[in-house]
Amino acid sequence: MTTFSRRAFTTAALASLLTACGGQGSDRPTPDAGTTAPRPQSSPRPGPAEGARPLARSVPVRLLVPAIGVDTPVIRLGLAPDGTVRVPPVTADDRAGWYRHSPTPGQTGPSVILGHVSVGTYGDGVFRHLARLRRGDRIVARLENGTAVEFAVTAVRTVPRTHFPVDDVYGNVARPELRLITCGGARTGDGYADNVIVFAALSGAESPTPGER
Amino acid sequence: MRRTVLTALALAGTAVLLGTGPAFASETATPSPAPTAAESTPEPEESTEPAASAEPTRAPADANPAPDDEPTRAPAEDQVSVVPSGAPDTGVTSASSASDSGFGGTAAGAGAAAVLAVGGGTVLVVRRRRATGA
Numbered sequence: 001m002t003t004f005s006r007r008a009f010t011t012a013a014l015a016s017l018l019t020a021c022g023g024q025g026s027d028r029p030t031p032d033a034g035t036t037a038p039r040p041q042s043s044p045r046p047g048p049a050e051g052a053r054p055l056a057r058s059v060p061v062r063l064l065v066p067a068i069g070v071d072t073p074v075i076r077l078g079l080a081p082d083g084t085v086r087v088p089p090v091t092a093d094d095r096a097g098w099y100r101h102s103p104t105p106g107q108t109g110p111s112v113i114l115g116h117v118s119v120g121t122y123g124d125g126v127f128r129h130l131a132r133l134r135r136g137d138r139i140v141a142r143l144e145n146g147t148a149v150e151f152a153v154t155a156v157r158t159v160p161r162t163h164f165p166v167d168d169v170y171g172n173v174a175r176p177e178l179r180l181i182t183c184g185g186a187r188t189g190d191g192y193a194d195n196v197i198v199f200a201a202l203s204g205a206e207s208p209t210p211g212e213r
Numbered sequence: 001m002r003r004t005v006l007t008a009l010a011l012a013g014t015a016v017l018l019g020t021g022p023a024f025a026s027e028t029a030t031p032s033p034a035p036t037a038a039e040s041t042p043e044p045e046e047s048t049e050p051a052a053s054a055e056p057t058r059a060p061a062d063a064n065p066a067p068d069d070e071p072t073r074a075p076a077e078d079q080v081s082v083v084p085s086g087a088p089d090t091g092v093t094s095a096s097s098a099s100d101s102g103f104g105g106t107a108a109g110a111g112a113a114a115v116l117a118v119g120g121g122t123v124l125v126v127r128r129r130r131a132t133g134a
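Residue numbers (UniProt numbering), protein chains in the order written: chain A, 1 to 213; chain B, 1 to 134.
If you're looking for bench data, these hints aren't it; they were derived computationally from the structure.
Take the hints with a grain of salt, since some may be wrong.
For the chain B half of the interface with chain A, some residues (derived, Cβ under 8 Å), not all of them [unchecked claim]:
# : residue
1 : D78
2 : T122
3 : A131
Pair by pair, the computed Cβ-Cβ distance ranges are [stated by the list, open to error]:
#  : chain 1 : residue 1 : chain 2 : residue 2 : range
4  : A       : R62       : B       : R129      : 25 to 31 Å
5  : A       : I68       : B       : D78       : 29 to 35 Å
6  : B       : V82       : A       : T121      : 54 to 60 Å
7  : A       : A92       : B       : V125      : 40 to 46 Å
8  : A       : R132      : B       : D78       : 29 to 35 Å
9  : B       : T122      : A       : G146      : 24 to 30 Å
10 : B       : V126      : A       : T91       : 25 to 31 Å
11 : A       : I68       : B       : S85       : 46 to 52 Å
12 : B       : A131      : A       : P81       : 29 to 35 Å
13 : B       : T122      : A       : G189      : 39 to 45 Å
14 : B       : S85       : A       : D93       : 43 to 49 Å
15 : A       : P160      : B       : V126      : 58 to 64 Å
Some residues of chain B that are not near chain A, with every Cβ distance over 10 Å (derived) [what the hints assert, rightly or not]:
#  : residue
16 : V83
17 : V92
18 : R127
19 : R128
20 : R129
21 : R130
22 : T132
From a predicted model like this one, the values you see are computed outputs, not experimental measurements.
Just so it is clear, CB atoms sit at the ideal spot from N, CA and C, and this is done for glycine as well.
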C-alpha cells in the first residue's frame, strides 16, 4: 500500500502541475494577440529624399512655391541695427529675401528666406498664403549658377512672435534645409501676433543644361 | 497508511490549488478588453505624433512642439554665421509703417539735408552781398 500511495501522490501531483501549466499556456496567446494586434507602429512618413547631396554655394535669385502660387525674385537681406533680420522693402511688387548670413539653398544648414504676409496699402505680401502649405509640398529655389534646388515641406509651424524659436530656425542641422518665414495669426494694430515658419528639406537638384544660362 | 493517503490527497489538493492560482490570475487578465483598452491609451500618443506635424498648419494659435522632421542637430561649426535676435517683422498692416523698410526713412533724411543745404547757401549769399554793400 505504501507504494500505491506514493504512486497516487506522484500521479496527482503531476496531473495538477500539468493542468496548471496547460491552463497558463492556453491563456497567454489571447492577451498577446490582443495587445499586439491593435498596436500599429506609426507608419513611415513619406519624407524628403535621404540621399540628396549638399550643393556648392550659390546665391538664390528666384523662389517658386507652386502649391500657393508663389514665383518671386529673391533679394539679399542682412541685419538691422537692432540685431533683428532685415525684411524686404514694402513695395507694390513684393519680393522674398534670403538672409545672407545663412547657407545658400542646397548647402548643409538652414537656409532662411523671408517674405511679407501683407504690405500695408499695397495689399497681400508674397508669402500671404504660406500657412496653407502642407507636408510634402514642393519648393524650388533657383540659384545664381542656374541650378534649381528642390525642397519638400517637412513641417509648418505657427508660433507667437514673442516666443520665436531662434534655435529651431537658425540652429545647425546636418543636412541642407530651408526655412520660409512670414507673419501670421491675429492682426494687431501695428502688425501680427505670430510668425509662420515652413521647414523644408532638400529633395533634389537640377543642374542647368549647357544651353541654359 | 491512512496518513500517507491523506497526506497525498492534501498535497495533491494544494498542488491543484497552486496550479489554478495562476490560471485565475490569467483569467482576471482575460477581461482583456480592460488591459487592451488601457493599452490603447498610449496609442493616441503615437497617433498624436503625425497629428502634431499636421496641426500647426491648421491651428495658428497652437505653438506645437517641434515636429520630428525638424532640425537634425549637427556637431559642426555654426552654419548661420550671425544669428539674428527676435522675430522678423514681415507683416505691414498700414502704409504709415512703410518706413519700416528703411527706404522711407532714407528718403526723408535726404530731403531734410537738401533743405538745410539750400537754406545755408542762401544765408551765405545774402551775407556776402550785405558785406560788399551791394
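Verification of the hints:
no., hint, result
1, D78, "6 Å, holds"
2, T122, "34 Å, violated"
3, A131, "44 Å, violated"
4, A/R62 with B/R129: 25 to 31 Å, "59 Å, violated"
5, A/I68 with B/D78: 29 to 35 Å, "31 Å, holds"
6, B/V82 with A/T121: 54 to 60 Å, "33 Å, violated"
7, A/A92 with B/V125: 40 to 46 Å, "42 Å, holds"
8, A/R132 with B/D78: 29 to 35 Å, "32 Å, holds"
9, B/T122 with A/G146: 24 to 30 Å, "55 Å, violated"
10, B/V126 with A/T91: 25 to 31 Å, "42 Å, violated"
11, A/I68 with B/S85: 46 to 52 Å, "29 Å, violated"
12, B/A131 with A/P81: 29 to 35 Å, "44 Å, violated"
13, B/T122 with A/G189: 39 to 45 Å, "43 Å, holds"
14, B/S85 with A/D93: 43 to 49 Å, "29 Å, violated"
15, A/P160 with B/V126: 58 to 64 Å, "59 Å, holds"
16, V83, "5 Å, violated"
17, V92, "4 Å, violated"
18, R127, "39 Å, holds"
19, R128, "41 Å, holds"
20, R129, "44 Å, holds"
21, R130, "44 Å, holds"
22, T132, "47 Å, holds"
Figure legend: structure checked against the earlier numbered hints; hints not met, in rising order: 2, 3, 4, 6, 9, 10, 11, 12, 14, 16, 17.
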